[in-house]
Every structure is written in structure tokens, then in C-alpha cells.
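Keeping their order, the protein sequence lines are chains R and Y. Under the working numbering, the first residue of the first sequence is numbered 1, with each subsequent residue one higher. Under the working numbering, the first residue of the second sequence is numbered 1, with each subsequent residue one higher.
Don't take every hint at face value.
To be verified - Only some residues are given here: those of chain Y computed to face chain R with a beta carbon under 7 Å:
no. : residue
1   : Ala4
2   : Thr8
3   : Ala15
4   : Asn74
5   : Gly75
6   : Thr76
7   : Ala82
8   : Ala127
9   : Pro128
10  : Glu252
11  : Phe253
To be verified - No farther apart than 25 Å at their CA atoms in a straight line, the calculated lysine-lysine pairs in the PhoX-like style are these:
no. : chain 1 : residue 1 : chain 2 : residue 2
12  : R       : Lys326    : R       : Lys244
13  : R       : Lys175    : R       : Lys143
14  : R       : Lys36     : Y       : Lys17
15  : R       : Lys273    : R       : Lys298
16  : R       : Lys273    : Y       : Lys159
17  : Y       : Lys159    : R       : Lys156
18  : R       : Lys326    : R       : Lys231
19  : R       : Lys231    : R       : Lys143
20  : R       : Lys298    : Y       : Lys17
21  : R       : Lys244    : R       : Lys222
22  : R       : Lys41     : R       : Lys326
23  : R       : Lys39     : R       : Lys231
No lab work stands behind these hints: they were computed from the structure. Virtual Cβ for every residue (Gly too), placed ideally from N, Cα, C.
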Amino acid sequence: MRLLDEVTPAIDSAAAVGELLPRSGIVVSGITKTYKGGKVKALNNLSLEIRPGEALGLVGPNGAGKTTLLSCLMGFLLIDSGSILIDGEAPDALATRRVLGYLPERLTFDRWMTGRDYMQYHHELAGMPEATRKLDCEALLEKVELHPSTWSVAVKKYSRGMLQRLGFAQALVGKPRYLLLDEPASGMDPHGVMIVRQLLKTLKEDGLTILLNSHQLDQIEKVCDRVIFIKAGTVSRVEDLNEKIEQEEHLLIRWLSSATELRSEDFGRVAQKECLAITEINSDFARVSTAGSAATVKLIKALVTANFPISEVRPEDTRLERLFIKSSQEEPTA
Amino acid sequence: MNRAVCITTWREFGANKVRVILLTLLFLGPIVTFTLQRCGNPEALNADLLSHPLMASFFTLLWASGVIGREVQNGTIALVLARPITIANYVVSKWFAVGFAASLCAVEAVFCEHIISAINCPSLLWAPEFLANGFERIILCFGTAAFLVFLSSLVSGLKDLALLAGFGFMFVLYNAFAHTVYAMFGNLHIDNDYCLYFGRIIESLFTAILFPYVPVSAFFSGSLFAYGPVLALFTLITCCLSFSIWVLTHREFSYAAD
Ligand SMILES: Nc1ncnc2c1ncn2[C@@H]1O[C@H](COP(=O)(O)OP(=O)(O)O)[C@@H](O)[C@H]1O
Ligand SMILES: [Mg+2]
Chain R
1 MRLLDEVTPA IDSAAAVGEL LPRSGIVVSG ITKTYKGGKV KALNNLSLEI RPGEALGLVG
61 PNGAGKTTLL SCLMGFLLID SGSILIDGEA PDALATRRVL GYLPERLTFD RWMTGRDYMQ
121 YHHELAGMPE ATRKLDCEAL LEKVELHPST WSVAVKKYSR GMLQRLGFAQ ALVGKPRYLL
181 LDEPASGMDP HGVMIVRQLL KTLKEDGLTI LLNSHQLDQI EKVCDRVIFI KAGTVSRVED
241 LNEKIEQEEH LLIRWLSSAT ELRSEDFGRV AQKECLAITE INSDFARVST AGSAATVKLI
301 KALVTANFPI SEVRPEDTRL ERLFIKSSQE EPTA
Chain Y
1 MNRAVCITTW REFGANKVRV ILLTLLFLGP IVTFTLQRCG NPEALNADLL SHPLMASFFT
61 LLWASGVIGR EVQNGTIALV LARPITIANY VVSKWFAVGF AASLCAVEAV FCEHIISAIN
121 CPSLLWAPEF LANGFERIIL CFGTAAFLVF LSSLVSGLKD LALLAGFGFM FVLYNAFAHT
181 VYAMFGNLHI DNDYCLYFGR IIESLFTAIL FPYVPVSAFF SGSLFAYGPV LALFTLITCC
241 LSFSIWVLTH REFSYAAD
């Protein structure tokens with residue numbers, strides 16, 4: 001602990017210097033990427049911008065080109081046309097690689113190393129000072145809640161969830177400013193998923209810019225400021241999650257069911273005025289849709305005023321889920 | 001040169017049991033043979049008795065096969081190159097790691113032979129033949145390592161061994177072809193010097209790449225013949241490393257499912 005205290009001020013001042021440098025975020029303009037000599041078009045004239053400090057979600061069906069996009073940002077793939085600028089520099093510039101952290105979708109490790117070796121190897125590759133190596137690496141492993149008893153175990157003996165955690169810790173080595181995460185919670189147990197979500201929130205508060213490609217829409221909804229929907233290699237929709245909009249809501253309402261028949265009839269009578277539709281009604285629960293959150297509030301108020309014994313009101317789907325379904329139903333614009 | 005890349009290359013070798021066993025055999029084989037031979041003949045140091053510097057090529061082959069290709073196959077290379085080190089730095093580090101480790105093994109082997117000789121016959125302690133052989137091995141290791149690193153950067157996994165075999169096969173084919181042509185000329189009583197020179201050049205090119213040998217004793221005695229091989233060695237190392245840097249710069253590392 002004492003050592004850690006000594007080390008922290010140095011890191012803080014280094015971070016402060018980093019803050020002074022110009023940060024223009026990631027600007028992707030009109031990139032096209034094809035595979036197999038042009039036969040497979042993975043990205044098609046895609047443009048997007050990631051502002052410094054924001055968390056951007058990347059959503060799209062399988063094969064939409066999300067992993068390809070991240071690989072292009074990392075400079076692993078050579079783009080056919082267009083340009084990528086990260087803080088004004090090309091993806092393969094050394095300055096860029098110093099500020100990027102990456103968690104690949106397909107995890108690759110030097111499997112014979114132990115978890116700790118692997119972290120220290122990347123710490124050294126990142127050009128971090130040797131004096132703080134051990135502490136830094138252990139702090140990161142603790143951050144992703146990889147159990148200390150597994151730090152000295154060979155990576156080849158790790159389970160999928162442990163590998164995912166190690167990969168995440170690796171992405172954080174070298175204090176990156178930008179974090180590109182390709183499905184960080186895939187293969188993790190529910191506890192791991194929660195850890196990742198919490199970690200993402202803290203990282204965002206620490207000022208990291210995050211690009212999060214995830215199939216877990218609730219995770220994106222809780223962490224991200226904006227979401228980009230990708231379909232067939234182009235951006236099909238951009239959504240600002242901080243902006244509140246009135247949108248149809250689907251609710252599940254449950255009530256205490258003592259005098260059964262009476263209750264469901266009562267419910268119909270009270271709710272009809274406030275709902276757009278009652279899709280299903282049962283002895284002790286109903287599914288309804290309302291015009292928006294204001295209407296939902298009104299509905300609940302009306303039910304309470306009518307002394308209706310509601311025990312639970314739950315949204316049936318989230319905003320992102322609705323958007324996702326909507327965007328996958330839309331015909332792609334040519 | 002990057003310390004982390006070098007050390008990881010060495011440690012990875014150690015983590016692979018098959019390679020370690022092969023290395024041990026390669027190390028013990030000549031020493032055992034040598035000991036048996038020396039026991040029968042304790043007096044003279046006959047250069048034929050010493051194991052050939054070519055041994056160094058085998059050590060290098062063992063250390064260098066798949067040195068970059070395996071990283072490509074496992075996908076670990078992308079995460080390394082995503083760190084702030086240049087591709088040139090990476091390639092040179094790999095080359096140095098392989099060359100250094102192979103030299104160490106090869107020199108160690110000749111050192112053991114030296115000790116055995118010195119036990120049998122104390123006048124052979126630090127005999128110049130051993131020193132020359134050791135130097136020749138070191139040069140061979142670094143030269144061969146450059147070519148093997150180049151082959152390894154072209155492919156994934158251990159396919160560089162296939163490339164090397166193909167290259168060797170081409171050499172054999174060429175030799176057979178050249179000899180047929182020379183024999184034909186001989187039969188027809190044609191004295192074509194240019195054709196012969198051209199044939200020699202190709203042959204020395206193959207040899208310089210497959211067996212970058214510098215006769216150290218000739219070099220020490222100031223013979224002009226030694227400078228040719230030294231020049232060839234530096235050309236080989238420079239060209240091979242530059243090519244592999246070029247190849248890796250233009251190579252894609254795909255993380256997407258294909
Ligand atoms: N190495 C490759 N060779 C050929 N096609 C590929 C390769 N990698 C990806 N693709 C194709 O590119 C498209 C986008 O893939 P990907 O980026 O993995 O999508 P996502 O991550 O959104 O699921 C897919 O149609 C996929 O088949
Ligand atoms: Mg993907």
C-alpha cells in the first residue's frame with residue numbers, strides 16, 4: 001500500500017500532461033474495406049466520429065463489419081479507401097499505438113505464459129517503467145477481479161471468462177486514452193458481466209474514450225452516450241442515448257390476485273383511457289403499450305388512485321432493443 | 001532492439017517440450033560421437049574430428065522455425081504490433097533473439113568438444129582451431145537466422161520449414177541441371193567461359209543464402225578471399241531483414257471470423 005501511494009502522484013502528473021495535448025478523438029471518413037481481393041465488402045463507405053471522452057456503442061447483426069471496423073482502427077487491416085485519424089494521426093503511427101487499448105473478439109494469448117507474465121510482457125511492450133511494473137499489473141488484474149490465486153497459473157488452463165478478464169486487463173495496460181472493446185462480456189458469467197459493466201462506468205468517469213461493440217444492449221444502454229447501428233458495412237442509424245425522447249413503451253403490469261375476475265375487468269376499465277393498446281390481459285397481469293413515459297406515469301397514477309393493487313410495473317423492452325428491432329426491419333437504403 | 005520480444009522468444013522456446021528435447025539431442029549427439037572418436041585417438045587435433053560448423057545451421061533452424069509464423073498463426077503478433085514498437089524493431093529483435101540463442105548453443109557445443117580434447121591432451125587447450133570453429137558458428141547462426149526470419153515472416157505456423165525445403169530442393173535441381181549442361185559442353189568440346197561463370201554465380205548465391213559461411217582462419221591470416229563471404233553475409237542479413245520488415249508492413253492481421 002505504501003509503495004502504491006508513492007507511485008500514484010507520478011502517474012497523476014503524467015496523466016495531467018496527457019490532458020494538455022490536443023485530443024481530437026477518432027474521425028473515420030468514408031472507409032471501404034474488402035476481403036478476398038474485393039469479393040467480400042465488409043465496410044462500405046463508412047463514416048463516424050468518436051468524440052473525446054464519450055462512450056460510443058456499436059450495434060449491429062453478425063457479419064455487419066463491427067470487428068472489421070475495430071481492426072481497421074487498430075491498423076491491423078489496410079483499408080481500401082477513406083481515412084482514419086486518431087488524435088490527428090494514422091492508426092499505425094507509434095503515437096497512436098501509445099494511446100489505444102484493444103480487446104479483440106477472438107482472444108489470443110501466449111498460452112504458455114502465466115497471467116501475470118502476460119500482463120508484465122505487455123506492460124514492457126507498452127514502454128511503461130519497470131519500477132512500477134509489478135504493482136501496475138497486479139492493480140489491473142485486481143481491477144478485472146481475476147482471482148490472485150490464478151495469477152501464477154498458465155494461461156492455457158484459464159476458462160473462457162478468465163481469459164476475457166485477462167484480455168480486458170491487457171487492454172488497460174499502458175494507460176490508454178481510447179479503449180476499443182470487441183464484445184468484452186462474451187463468454188462471461190453473470191457476475192463477470194456485472195464487473196465489466198461497473199468497470200466500463202468507472203473507466204468512463206476516468207475520462208477514457210470508449211468504443212464498445214457488444215450484443216448486450218442493456219450494457220450499452222447503461223454505459224454509452226451514443227449508439228451507432230451498423231448494417232452491411234455502413235452506419236444505418238446514430239442514436240443519442242442521453243437525449244430523452246417520447247417513444248411508445250411496452251409494459252408488463254402485475255397485481256395481487258385475490259378476487260380474480262373483478263380485477264382484470266377493473267384493470268381494463270381504468271387502463272383503457274391511458275393506454276394505446278392492451279395487448280394481453282390475464283387474471284393477475286397484463287401487457288400494455290403507452291405513448292411514452294409521461295403516459296406511463298399517468299397510467300400508474302390512475303391505477304393507484306383507483307385503489308388497484310398493482311405489485312409490479314416493468315418495461316417489456318428497452319429503448320435500444322426497440323431501436324435494434326426497428327433498424328433491422330428497415331430496408332437498407334441503397 | 002526490444003528486450004521484451006527477445007526474452008519472450010527465448011521463453012517460448014523453453015515452454016515447448018519437443019523443441020527442448022530436439023535441442024538436447026542436437027547438443028549431445030556430436031559431443032558423444034566426438035568423445036568416442038577422441039578416446040580412440042588422443043593425440044592430434046584433426047579438423048575432421050571437430051564437429052562441422054554446419055551444426056550451427058541446425059541449431060539456428062531449431063530456434064528460428066516459425067519464430068514469426070507461429071505468432072501470426074496464434075494471432076499474438078497483432079497485439080504485440082498494437083503496442084508502441086515498430087515492425088523494424090520487432091523483426092530485428094526476433095533476428096537477434098534467434099541468432100544469439102543459436103550461437104550460444106552452437107558455441108557451447110564446440111566448447112564442450114574443446115574441454116573433452118583438453119582433458120585428453122592438455123596441449124590442445126585453447127587451440128586456434130576451436131576458436132575459429134566457434135567464430136564460424138556464430139557468423140553462421142546470425143546469417144542463417146536472417147534468412148529464416150525472412151521465410152517465417154512470409155507464412156503462418158511452421159510453413160517456413162516447407163519454404164526452406166523448397167528452396168533447398170531448387171538448389172539440388174539446379175545443381176543437377178548445371179552438371180548436365182557442363183557435361184554436354186564437355187562432350188561437344190565447347191569452351192564457354194561466360195556460361196560457366198554464370199553458373200558459378202548462381203551456385204554461390206544459393207550457397208551464400210543456405211550456408212553463409214565465412215572462413216575465419218583465412219580472415220585472420222589476412223587472405224583477400226575472406227572478404228567476399230563477409231560482404232555476402234552483410235548483404236544477406238540486410239536484404240533478409242529489410243524484406244521481412246516490408247512483408248510484415250504490408251500484411252494484414254485479421255481478427256474477424258472468416
Ligand atoms: N478474413 C476474412 N476473409 C473474408 N471475409 C471476411 C474476413 N473477415 C470477415 N469477413 C467478412 O466480413 C464481414 C464482416 O465481418 P465482421 O467484421 O467479423 O462482422 P461482425 O464483427 O460485425 O460480426 C462478414 O461478412 C465476414 O464474412
Ligand atoms: Mg464481430
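Evaluated hints:
1. At its closest, the beta carbon of alanine 4/Y sits 4 Å from a beta carbon of chain R; the interface hint therefore holds under the 7 Å criterion.
2. Contact between threonine 8/Y and chain R, as hinted, is supported at the beta carbon level, the nearest pair being about 6 Å apart and thus within 7 Å.
3. With 7 Å as the threshold, the beta carbon of alanine 15/Y comes within range of chain R, its nearest partner Cβ sitting at about 4 Å, so the hint holds.
4. Interface restraint check: asparagine 74/Y against chain R, minimum CB-CB distance 6 Å, threshold 7 Å, status holds.
5. Checking glycine 75/Y against chain R: minimum C-beta separation of about 3 Å stays under 7 Å; hint holds.
6. Checking threonine 76/Y against chain R by beta carbon gives a least distance of about 5 Å; that is within 7 Å, so the hint holds.
7. Taking 7 Å as the C-beta cut-off, the interface hint given for alanine 82/Y holds, the closest approach to chain R being about 6 Å.
8. Because the closest C-beta pair between alanine 127/Y and chain R is about 41 Å apart, greater than 7 Å, the hint is violated.
9. Of the supplied interface hints, the one on proline 128/Y is violated, with its beta-carbon coming no nearer than about 41 Å to a beta-carbon of chain R, more than 7 Å.
10. Hint status for glutamate 252/Y: holds, given a least beta-carbon distance of 5 Å to chain R, under 7 Å.
11. For phenylalanine 253/Y, the interface hint holds, since its Cβ comes within 7 Å of a Cβ in chain R; the closest pair sits about 4 Å apart.
12. Restraint check for lysine 326/R and lysine 244/R: the C-alpha separation of about 18 Å stays at or below 25 Å, so the hint holds.
13. Note on lysine 175/R and lysine 143/R: the hinted pairing holds, with a Cα-Cα distance of about 13 Å set against a maximum of 25 Å.
14. For the suggested pair lysine 36/R and lysine 17/Y, the alpha carbons sit about 37 Å apart, so the restraint of at most 25 Å is broken.
15. For a cut-off of 25 Å, the pair hint linking lysine 273/R to lysine 298/R stands: about 10 Å separates their Cα positions.
16. A C-alpha spacing of about 73 Å is found between lysine 273/R and lysine 159/Y, which places the hinted pair above 25 Å, so the restraint is violated.
17. Pair hint lysine 159/Y plus lysine 156/R holds up; C-alpha atoms about 24 Å apart against a cutoff of 25 Å.
18. In summary, the hint linking lysine 326/R to lysine 231/R is supported, as the alpha carbons are separated by about 12 Å, within the 25 Å threshold.
19. Restraint check for lysine 231/R and lysine 143/R: not satisfied, since their Cα atoms lie roughly 34 Å apart, outside the 25 Å limit.
20. Using a Cα cut-off of 25 Å, the hinted pair lysine 298/R and lysine 17/Y is violated, with the two alpha carbons roughly 71 Å apart.
21. The hinted pair formed by lysine 244/R and lysine 222/R meets the criterion: a straight-line CA distance of about 14 Å does not exceed 25 Å.
22. This hinted pair checks out: lysine 41/R and lysine 326/R have alpha carbons roughly 24 Å apart, not beyond 25 Å.
23. For a cut-off of 25 Å, the pair hint linking lysine 39/R to lysine 231/R stands: about 18 Å separates their Cα positions.
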